[in-house]
Amino acid sequence: MKYLCLLYFDGKQLDAMSAEDKKTIDRDSLAYDRELERRGHFIAAQALQGPDSAVTVRIEGGKVSTTDGPYAETKEALGGFILIEADDLNQAIQLAGGIPLARRGAVEVRPIYDVPQP
Amino acid sequence: MGDVAPTEIEAIYRAESRRVLATLIRLLGGFELAEEALHDAFMAAAERWPRDGLPANPRAWLVSAGRFRAIDRLRRRARFDAVAPELAARIEAEASDAMPETDQTIADDQLRLIFTCCHPSLPGDAQIALTLREVCGLTTEAIAHAFLTRPPTIAQRIVRAKARIREARIPYAVPGPDELAERLAIVLKAIYLVFNEGYSASSGTTLTRADLSAEAIRLGRLLVDLLPDAETEGLLALMLLSDSRRAARTSPEGELVLLADQDRSRWNQGQIAEGRRLVVAALASRRADPYALQAAIAAVHGDAPTAEDTDWGEVVGLYDLLADVAPSPVVALNRAVAIAKRDGPAAGLSLIDALLADGELADYHLAHAARADLCRRLGQVAAARASYQRALALARQEPERRFLERRLSELPPE
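As you go down the protein sequences, you meet chains A and B in turn.
62 is the number that this note's numbering gives to position 62 of the first sequence; each next residue is one higher, with no gaps.
311 is the number that this note's numbering gives to position 311 of the second sequence; each next residue is one higher, with no gaps.
A few of these clues could be false.
To give an idea of the chain A side of the interface with chain B (calculated C-beta under 10 Å), a few residues [to be verified]:
1. M1
2. T56
3. E60
4. G80
5. F81
Coverage of chain B stretches by chain A, computed from C-beta distances (three or more under 8 Å per stretch; other residues unrestricted) [said to hold, decoys possible]:
6. 76-83
7. 151-161
Each pair of labels, with its calculated beta carbon distance range [said to hold, decoys possible]:
8. E47(B) / R58(A): 29 to 39 Å
9. E73(A) / T149(B): 27 to 37 Å
10. G50(A) / E47(B): 16 to 26 Å
11. P6(B) / M1(A): 13 to 23 Å
12. R103(A) / G30(B): 15 to 25 Å
13. Y71(A) / G176(B): 51 to 61 Å
14. S265(B) / D87(A): 35 to 45 Å
Keep in mind the hints are simulated off the structure, nothing from the lab.
Beta carbons: idealized from backbone N, C-alpha and C, even for Gly.
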């Protein structure tokens, strides 16, 4: 089964870190992606730019309207994702627990919904 | 012989993965590390076996591959986890002076796993979830589906149970002789709960529930193999003899069919024969225990070609023994019903009325249903109606409710 691991953390906390610490986090995160790849769990992963770079799009009365900022304004914002392949939810939870950034925020694990073929 | 088909590796996974996991937990000292190692070992097998051919002993190969992959991974993890290199070194040192795994140690590992999953310091529902996932290899999602609950609920039970095993340092061991009986009783209770969950009639989900009963029977067989004992034999016999009637106990429309009305040609004679053999062995080897006695009662029914041929005297005698070793209001109720069959409805009715007067069965729908049935047979229509209505008010499962409604509608006018 496929699961999406959504990484939430406080961007301000990350901004306050030294360049050296940031580099370590980036290196560890990339290393974990490679670890998942080696073990056959990795499908895709990306980090996101900060929530202040977000634009939220809606269709209102048939017209596209946009607002600055993320859809949900929270202290811990969506900062990245990893799409994994796992045998079941408990294995997905275990793999999510190994994500280095999980130590600085939270990881939401969501099973992928297979849309039935019409 | 360089061609090993993926289906062959899958078959080995189904046959060996639980045994390999049980051994890896002992060698690596924890569930998480062992589960990762199991995964890695089969990854390695999928890569190597098609190229190099099937190893002479795939199980030993997998254990060894899992162990060395775990050591590698702990070393790579050193930067995040200060104790990882130390653990890696210890596992490596133990690996170099370990004896090869014998069939006996492998069997003991499976017992260790079962006893750890059913450790008394884990809550009952966690014991069941953990056993089904670790010992039977069911996915979290499959367990949730079978228990009609959501996967995150089951997942949390498993996560918490594993944390508890780690934090309380629950040993990965088969209990010693002094506590074996007590601990075995907990394991058997968990297996029987899994069976009953799968056996209790519930419309719509009958298929997945039958799977649960099959898992419980598989666990019972494993336990009889690993730990032959009157109690484990008794439980397996009870499950087989109950399950033998599965096809006959619901009509094609999903309605409940009582034992007396079942089409006995649809009973599974193979399960009845196996159950009967086990009952005989269990009752011969030791003082009668509750599972073996309940199985013996089921075997008496299994022996009767028609409901009228049932040896009710034998059934009452077995209930007398059961009431002696495991007294409970439900056993007393079943004994009263058997006495009604042997001596007539009036004899049973006075016993049931006495039980209901005690109060403990006042909210048990089957006590009122049994009373209603005896009143009906005695021609006491008003009393029968009142008791069926009481039973209906208390019954929760749809097929049982429909059955009671049918009985009510069939009562003659007063």
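The hints, checked one at a time:
1. M1: holds, 7 Å
2. T56: At about 28 Å, which exceeds the 10 Å cut-off, the nearest Cβ of chain B leaves the hint on T56(A) violated.
3. E60: violated, 34 Å
4. G80: violated, 18 Å
5. F81: violated, 19 Å
6. 76-83: Check passed, 3 qualifying residues.
7. 151-161: holds (count 6)
8. E47(B) / R58(A): 29 to 39 Å: Violated: the Cβ-Cβ distance is about 48 Å, outside 29 to 39 Å.
9. E73(A) / T149(B): 27 to 37 Å: The hinted range 27 to 37 Å holds for E73(A) and T149(B), with Cβ atoms some 34 Å apart.
10. G50(A) / E47(B): 16 to 26 Å: Violated, at about 40 Å.
11. P6(B) / M1(A): 13 to 23 Å: Distance hint for P6(B), M1(A) holds at roughly 19 Å.
12. R103(A) / G30(B): 15 to 25 Å: holds, 20 Å
13. Y71(A) / G176(B): 51 to 61 Å: Because 59 Å falls inside the window, the suggested range holds.
14. S265(B) / D87(A): 35 to 45 Å: holds, 42 Å
Taken one by one, the earlier hints fail for this structure at numbers 2, 3, 4, 5, 8, 10, listed in ascending order.
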